[in-house]
Amino acid sequence: MGYPHTPHEKETVVLSKYFGDAEARSYDGWVQRGGYEALKKALGMSPAEVIDLVKESGLRGRGGAGFPTGFKWSFMPKEKSKPHYLCCNADESEPGTFKDREIMRWTPHALIEGCAIAQHAIQAEVTYIYIRGEFTEPLRIMQAALDDAYKAGVLGANAMGSGKQLDMYIHRGAGAYICGEETALMNSIEGRRGNPRIRPPFPAQKGVFGMPTTVNNVETLTAVPHILVQGTDWHKGLSLSNPKSAGTKLFSVCGNVARPGNYEVTMGFPLRDVIYEMAGLPEGRTLKAVQPGGSSVPIINREEAEACLLDYEGCVEQHTMLGSGGMIVYDDTADMVYQIMRLARFYAHESCAQCTQCREGTAWTVRILERILRGEGKMKDLDLLLDLGEQMTGKTICVLSDSCAAPVASGIERFRGEFEAYITGAREPSLAPA
Amino acid sequence: MAESTDLVTLTIDGVEVSVPKGTTIIEAAKQVGVVIPHYCYHPGLPVAGVCRMCLVHVEGTPKLQIACATPVAHGQVVEPYREDAVNARKGVLEFLLINHPLDCPICDQAGECELQDYVFHEGQARTRYTPDYAKRFNPVEDFGGDVLYVPNRCILCTRCVRFMEHVADDPILNVSERGDRAFIGVHADRNLDHPWSGNVIDLCPVGSLISKDFLHKARAWELDKAPSICTGCSQGCNVVLETRQGTVVRKRPRSNLDVNQFFLCDHGRLAYRWMNRGDRIEAPLVRHDGELIATDWDHALHDVAGLLGGSGGEVVVLASPGASNEALFLAREVAGDGFRGVFRVERVGDDVPLDGVPNLALRAERAPNVKGAETLGYGERGDLGADLSAASVVLVLGDALDGLDPTALDRVPHVVFIGTVLPEVGRVASAVLPTTNVAEEDGSFVNRDGRVQLYLQAKSGPGMARPAWWALGELLRELGRGDSPMSAADVFASMASTVEAFGGLSYRTLGTRGAPLGSGSTAAATA
Chain A
1 MGYPHTPHEK ETVVLSKYFG DAEARSYDGW VQRGGYEALK KALGMSPAEV IDLVKESGLR
61 GRGGAGFPTG FKWSFMPKEK SKPHYLCCNA DESEPGTFKD REIMRWTPHA LIEGCAIAQH
121 AIQAEVTYIY IRGEFTEPLR IMQAALDDAY KAGVLGANAM GSGKQLDMYI HRGAGAYICG
181 EETALMNSIE GRRGNPRIRP PFPAQKGVFG MPTTVNNVET LTAVPHILVQ GTDWHKGLSL
241 SNPKSAGTKL FSVCGNVARP GNYEVTMGFP LRDVIYEMAG LPEGRTLKAV QPGGSSVPII
301 NREEAEACLL DYEGCVEQHT MLGSGGMIVY DDTADMVYQI MRLARFYAHE SCAQCTQCRE
361 GTAWTVRILE RILRGEGKMK DLDLLLDLGE QMTGKTICVL SDSCAAPVAS GIERFRGEFE
421 AYITGAREPS LAPA
Chain B
1 MAESTDLVTL TIDGVEVSVP KGTTIIEAAK QVGVVIPHYC YHPGLPVAGV CRMCLVHVEG
61 TPKLQIACAT PVAHGQVVEP YREDAVNARK GVLEFLLINH PLDCPICDQA GECELQDYVF
121 HEGQARTRYT PDYAKRFNPV EDFGGDVLYV PNRCILCTRC VRFMEHVADD PILNVSERGD
181 RAFIGVHADR NLDHPWSGNV IDLCPVGSLI SKDFLHKARA WELDKAPSIC TGCSQGCNVV
241 LETRQGTVVR KRPRSNLDVN QFFLCDHGRL AYRWMNRGDR IEAPLVRHDG ELIATDWDHA
301 LHDVAGLLGG SGGEVVVLAS PGASNEALFL AREVAGDGFR GVFRVERVGD DVPLDGVPNL
361 ALRAERAPNV KGAETLGYGE RGDLGADLSA ASVVLVLGDA LDGLDPTALD RVPHVVFIGT
421 VLPEVGRVAS AVLPTTNVAE EDGSFVNRDG RVQLYLQAKS GPGMARPAWW ALGELLRELG
481 RGDSPMSAAD VFASMASTVE AFGGLSYRTL GTRGAPLGSG STAAATA
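Going down the list, the protein sequences come from chains A and B. Per the working numbering, the first sequence starts with residue 1, numbered consecutively. Per the working numbering, the second sequence starts with residue 1, numbered consecutively.
Just so you know, the hints here were simulated from the structure itself, not pulled from any lab data. Please note: incorrect hints may appear among the correct ones.
To be verified - Estimated spans, in silico, between C-beta atoms of each pair:
no., chain 1, residue 1, chain 2, residue 2, range
1, B, Asp355, A, Arg416, 56 to 62 Å
2, B, Arg128, A, Pro433, 20 to 26 Å
3, B, Asn138, A, Asp273, 31 to 37 Å
4, B, Asn191, A, Gly394, 55 to 61 Å
5, B, Glu16, A, Lys164, 33 to 39 Å
6, A, Glu125, B, Asp6, 19 to 25 Å
7, A, Glu125, B, Glu16, 44 to 50 Å
8, B, Asp355, A, Gly394, 36 to 42 Å
9, B, His216, A, Pro433, 37 to 43 Å
10, A, Pro433, B, Val140, 44 to 50 Å
11, B, Pro62, A, Arg192, 28 to 34 Å
12, B, Asn191, A, Gly29, 22 to 28 Å
Claimed, not checked - Computed list of lysine-lysine pairs in DSS-like fashion (alpha-carbon distance at most 30 Å, straight line):
no., chain 1, residue 1, chain 2, residue 2
13, B, Lys90, A, Lys78
14, A, Lys380, B, Lys63
15, A, Lys17, A, Lys40
16, B, Lys21, A, Lys82
17, B, Lys135, A, Lys55
18, A, Lys378, B, Lys459
19, B, Lys21, A, Lys80
20, B, Lys21, A, Lys206
21, B, Lys135, A, Lys380
22, B, Lys63, A, Lys244
23, B, Lys459, A, Lys206
24, A, Lys17, A, Lys78
25, B, Lys212, B, Lys459
26, B, Lys90, A, Lys380
27, A, Lys206, B, Lys30
28, A, Lys378, B, Lys90
Note that the structure is a prediction, hence the values are computed from the model and not measured. Built from N, CA and C at the ideal position, the CB exists for glycine as well.
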């Protein structure tokens with residue numbers, strides 16, 4: 001769905017308030033809408049005070065892991081002996097997720113402001129905004145906004161007259177999904193191959209260029225200015241279910257829906273309302289399955305989806321994860337075996353090739369799924385897939401391997417019948433013989 | 001053991017062990033003889049943690065941990081052979097094998113392959129990778145130098161990449177492509193021509209990087225191995241000489257953290273063929289009616305003793321700095337009072353360092369025992385004219401004549417040649433005593449840093465050739481100045497009691513790692 005459009009009445013528009021409002025893109029337009037007030041306030045506070053405020057607000061990472069943002073910031077050394085860095089992860093590549101893209105397209109200054117506040121909080125000299133290479137339009141808009149922010153004195157040697165030096169650079173990715181993994185992202189910024197690093201050392205000890213580094217997602221950082229302005233109580237109040245999940249969350253709804261797009265709701269909002277009322281199923285279809293958090297999270301069936309509350313805990317309760325909020329919806333016409341094979345293919349293509357389980361396991365998984373789709377599968381292949389999934393989970397440097405296994409295992413668990421139909425021949429093959 | 005705050009005590013596979021803080025589990029396990037299977041880990045390289053083979057269970061952690069990157073902690077309980085860890089490794093092995101060809105019968109690595117070993121140890125008997133999928137295929141590539149890349153066998157452990165990047169400091173190799181299409185790539189404008197690049201062959205745990213020189217020469221299990229010292233330069237890298245039916249077929253580094261760590265330069269690695277050369281002197285020769293004729297040792301020793309005893313003038317020992325300490329010492333004894341020993345050294349260009357290892361280089365000084373010769377009173381000469389013109393007998397020890405003017409020895413009354421191959425310039429000799437080379441005897445060298453190191457016999461010598469120490473020992477006996485030594489160790493013992501720098505050292509104390517000159521006497525003094 002394009003912009004501008006009127007938000008659904010059940011949405012809570014905070015981050016997406018100015019989506020579609022082209023004037024919000026300019027520096028002046030942003031200031032007119034209250035922009036950079038939060039940064040001014042933050043620069044008048046000590047870094048520790050800003051960290052405490054964000055801790056208190058209950059803000060958690062929106063990139064997928066849901067780690068409390070204030071805590072992450074507090075891991076940075078208090079006493080500075082080396083340069084500190086902030087990396088803004090704008091390498092949004094998770095299939096099904098397109099929220100960061102819209103934030104950068106419509107409210108670039110919101111992100112810059114969030115980065116600047118975080119940068120002040122963790123005492124970083126420099127922020128790198130790592131933008132996915134394919135995001136040509138967001139890149140152009142972000143660069144223009146960054147130039148304007150420098151011109152207006154928001155950034156630079158004397159940021160907003162505070163006497164502090166705040167510098168920010170945009171680094172354009174080259175298209176690898178894995179560079180959205182924070183340590184691979186740091187390697188990529190350094191000019192190395194985007195391979196995840198083993199931890200420890202953690203980024204806060206030894207990050208980009210070997211210096212203490214914090215990596216935050218675009219949506220997380222964009223939420224920060226609102227907390228500064230409206231306070232922690234306001235933010236904590238944005239919670240419909242579990243108080244551990246607070247604030248609003250953008251969901252990029254796609255797949256078999258009538259009105260795909262970004263929908264911003266309060267944490268704990270019912271998933272069923274997002275699908276049935278906001279995005280809507282296509283005429284005459286029924287819901288079959290959902291991945292609420294992007295392609296990496298376990299697939300849940302209709303019953304689970306209808307019971308699911310959209311926050312970190314609510315998703316776990318329904319055997320899936322909130323992830324990045326890339327909600328992929330499958331209706332009754334969806335061929336789950338084929339869809340799962342497509343997801344596995346993506347991970348097999350994007351595996352960085354470091355860890356054995358991931359490099360070989362993702363590709364093997366695809367081969368098995370393809371042969372099932374060709375009508376050449378065997379019943380024992382399903383157990384094999386589950387066993388491979390087991391071997392691919394929790395044993396590698398990063399979670400790409402786990403991300404491939406999750407939809408496969410959860411899919412077989414819930415839609416075993418569809419797999420068996422291909423194997424027994426009850427269903428026509430949907431892939432041609434190899 | 002004294003309690004130290006720097007020691008950490010933990011339990012690995014039920015055995016308690018105390019190791020310095022900061023040690024990794026994989027290294028701590030070695031201390032108690034527990035093998036934790038691994039591929040990408042190598043003690044001489046930075047940790048990568050990518051093969052995921054060394055997954056172990058550490059009590060209190062929800063996930064399996066990689067032993068290569070996990071530091072030890074007080075009271076840690078590590079179970080490398082718990083069911084979940086064994087299962088995880090079984091999985092890794094299965095994944096590694098799906099794209100690995102089963103061409104062990106024609107693979108040079110077979111018999112010394114870590115994939116074979118661990119599959120035998122922990123792998124599963126049957127593949128589940130069915131039906132017969134085509135395995136990943138890439139053609140064999142000549143990486144340059146001595147290195148051939150067989151990508152189909154590659155398990156992408158990245159040891160070679162890390163060696164070139166972090167140890168050789170010349171990142172010629174990389175991982176190209178992603179996922180299961182990945183392979184080891186070589187720099188677009190380079191080939192693997194770094195002078196230390198041959199080490200990637202040893203580092204490769206499988207048969208993916210193989211030596212062109214050794215290609216299809218022998219099966220690993222046919223090889224006999226002997227610890228030796230490289231004679232390529234004065235660095236004194238520890239090596240293993242590998243022989244098949246009495247022929248040296250491969251020379252590889254032997255780890256010694258005090259000298260060469262785990263590495264050997266290509267120059268040293270490939271310089272072994274001379275040990276097998278066929279044009280050797282196989283019998284003692286004496287001059288009879290102007291001709292050199294073959295005889296037996298008794299006659300030859302008798303003749304040479306006569307020459308030395310009756311010379312009256314000065315005996316000059318012209319030695320090779322590649323001769324053993326034992327031979328150099330006994331030659332000095334044979335020359336007796338007024339001994340004058342000289343040697344020449346070939347120097348080639350500058351040192352060629354391996355950047356990532358301190359004090360390791362292919363040295364410009366291309367001889368293994370310069371320091372030993374100096375310690376035993378030999379002096380280096382650029383020009384031999386003065387020494388030779390004063391001599392009544394020149395005792396040539398080893399390959400000391402290379403590059404000499406063909407007429408250099410013409411005016412010397414008597415030349416006794418003790419060596420392996422008789423060069424043209426040596427044909428004026430009055431007597432020739434055939435000796436064994438470094439592969440055919442026990443002996444010792446002193447490297448440029450003053451480290452005394454042993455080399456042991458790898459194969460037998462040709463014909464009647466004997467170690468130089470034996471020939472010189474017999475000469476001493478013939479001259480009535482001593483008993484026949486029984487072994488190189490015997491000679492070393494008498495050297496240790498005569499020459500202070502060697503004092504207190506013995507073959508026993510030197511072992512396979514060697515010891516610095518003078519360290520024996522210090523130890524004795526403090527004991």
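Open item on the list: Hinted pair, alpha-carbon criterion (30 Å max): A:Lys17, A:Lys78. Please report holds or violated.
Closed with: violated (35 Å)
Task: B:Glu16 paired with A:Lys164, Cβ distance criterion 33 to 39 Å - done: violated (53 Å)
Task: Pairwise hint evaluation, A:Lys206 against B:Lys21, where the allowed Cα distance is 30 Å at most - done: At roughly 20 Å apart (the allowed maximum being 30 Å), A:Lys206 and B:Lys21 satisfy the hint.
- [ ] Mind checking the alpha carbons of B:Lys90 and A:Lys380 for me, to see if they're no more than 30 Å apart?
- [x] holds (19 Å)
Task: Straight-line alpha-carbon gap B:Lys459 to A:Lys206, limit 30 Å - done: The given pair, whose Cα atoms are some 53 Å apart, is violated under the 30 Å limit.
Open item on the list: For a C-alpha distance cap of 30 Å, please report whether A:Lys17 and A:Lys40 respect it.
Closed with: holds (21 Å)
Task: Straight-line alpha-carbon gap B:Lys90 to A:Lys78, limit 30 Å - done: Given that 30 Å is the threshold and the Cα spacing comes to 44 Å, the pair is violated.
TODO: Compare the distance between the alpha carbons of B:Lys135 and A:Lys380 with 30 Å, and conclude whether the hinted pair is satisfied.
DONE: holds (22 Å)
TODO: Confirm or reject the claim that A:Glu125 and B:Asp6 have a C-beta distance inside 19 to 25 Å.
DONE: violated (36 Å)
Open item on the list: Tell me if the straight-line CA distance from B:Lys135 to A:Lys55 falls inside 30 Å.
Closed with: violated (51 Å)
Task: Beta-carbon spacing of B:Asn138 to A:Asp273 - inside the hinted bounds 31 to 37 Å or not - done: violated (52 Å)
TODO: Could you see if the CB distance from B:Pro62 to A:Arg192 stays within 28 to 34 Å?
DONE: Holds, at about 30 Å.
Of the numbered hints listed earlier, those contradicted by the structure are 3, 4, 5, 6, 10, 12, 13, 17, 18, 23 and 24.
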